[in-house]
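Peer 1: Just need the whole structure built from these sequences, with the hints factored in.
Numbering (the numbering used here), first residue to last: 226 to 504.
Errors might be hidden in some of the hints.
[Unchecked claim] Calculated pairs, EDC-like style, for lysine to aspartate or glutamate (alpha carbon to alpha carbon, straight line, at most 16 angstroms):
| id | residue 1 | residue 2 |
| --- | --- | --- |
| 1 | Lys414 | Asp397 |
| 2 | Lys260 | Asp286 |
| 3 | Lys260 | Asp371 |
The hints are simulated quantities; they were obtained by calculation from the structure and are not laboratory data.
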Amino acid sequence: MKIYKIFFLLALALFVSCTSDDDSTPVNELDGLLKVKEFTNDTHVVELYTTSGITQQGYNDITLRIKDKTTNNYIQNATIEWMPVMHMTMMSHSCPFSMVEKVAGKETLYNGYIVFQMPQNSTEYWDLKVDYSINGTNYTVTDIIDVPASSKRVVNSFMGTDNIRYIVALIDPKTPRVALNDMTVGIFKMENMMSFPVVNDLKLMIDPRMPSMGNHGSPNNVDLTQSTSDEFYHGKLSLTMTGYWKINLQLVNASNDVLKGETVTESNEASSIFFEVEF
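Peer 2: And the structure:
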């Protein structure tokens with residue numbers, strides 16, 4: 226009987242071990258992300274991802290990872306910088322973009338944002354240079370990146386009354402609702418053709434209207450002010466029904482001087498700077 230008992234215990238242990246191995250599945254770090262493009266050089270493949278699988282005019286939250294072409298393993302300890310450049314007929318310039326940082330809780334993913342203030346066209350295009358270092362060795366890769374025009378206005382580029390060129394980009398809501406929506410906007414300035422830092426201590430006043438419905442507005446909107454946690458501007462956007470909305474904007478400095486944008490009145494139906502949402 227003892228021998229049968231020993232065999233039974235060994236079989237049970239083997240069964241539990243095999244069942245445990247079969248149930249273990251690798252963590253999918255790309256859950257919710259779709260591949261946009263692959264950049265390649267002699268040693269690595271740099272993969273770009275977004276939630277939609279595309280990049281386009283406006284604010285883009287971009288995740289990337291780097292694969293070693295020899296081992297097919299993904300790099301966990303890279304230091305990454307990037308530089309987007311628009312190649313126009315007569316000149317080149319960059320746009321607002323963040324640092325690239327390791328995604329918290331992920332082993333192989335890195336993340337940042339790029340605000341493409343203008344779309345590509347038949348003769349002018351964007352490319353993205355990715356410089357990265359792994360264990361003290363430097364690498365680089367550059368390739369063209371598609372930036373089609375957004376179907377709605379989600380970014381404004383303009384000269385303020387203070388002679389500073391600003392870029393104001395809509396970040397949220399990505400999926401607006403009939404509700405009081407959280408609204409997030411990035412505000413940047415052109416320091417030079419290759420530098421577009423965040424602008425501090427401004428205010429963005431909003432006045433959402435429905436042009437097809439007598440240009441009526443909505444209640445309980447909250448103008449956007451800057452958060453110290455992410456440097457973006459946050460407020461509340463009230464949308465009272467589905468359809469097309471024009472979110473009229475006025476950019477105001479710390480002295481309450483209007484840098485750009487006009488008040489909506491009976492004789493002036495819209496500001497010269499605005500966002501568009503439709504749902």
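Peer 1: For a C-alpha distance cap of 16 angstroms, please report whether lysine 260 and aspartate 371 respect it.
Peer 2: holds (13 angstroms)
Peer 1: Between lysine 260 and aspartate 286, is the straight-line Cα distance small enough, at 16 angstroms or below?
Peer 2: Given that 16 angstroms is the threshold and the Cα spacing comes to 13 angstroms, the pair holds.
Peer 1: Has the given pair, lysine 414 with aspartate 397, been kept, meaning a C-alpha gap of at most 16 angstroms?
Peer 2: violated (20 angstroms)
Hint compliance for this structure: hint 1 alone is broken.
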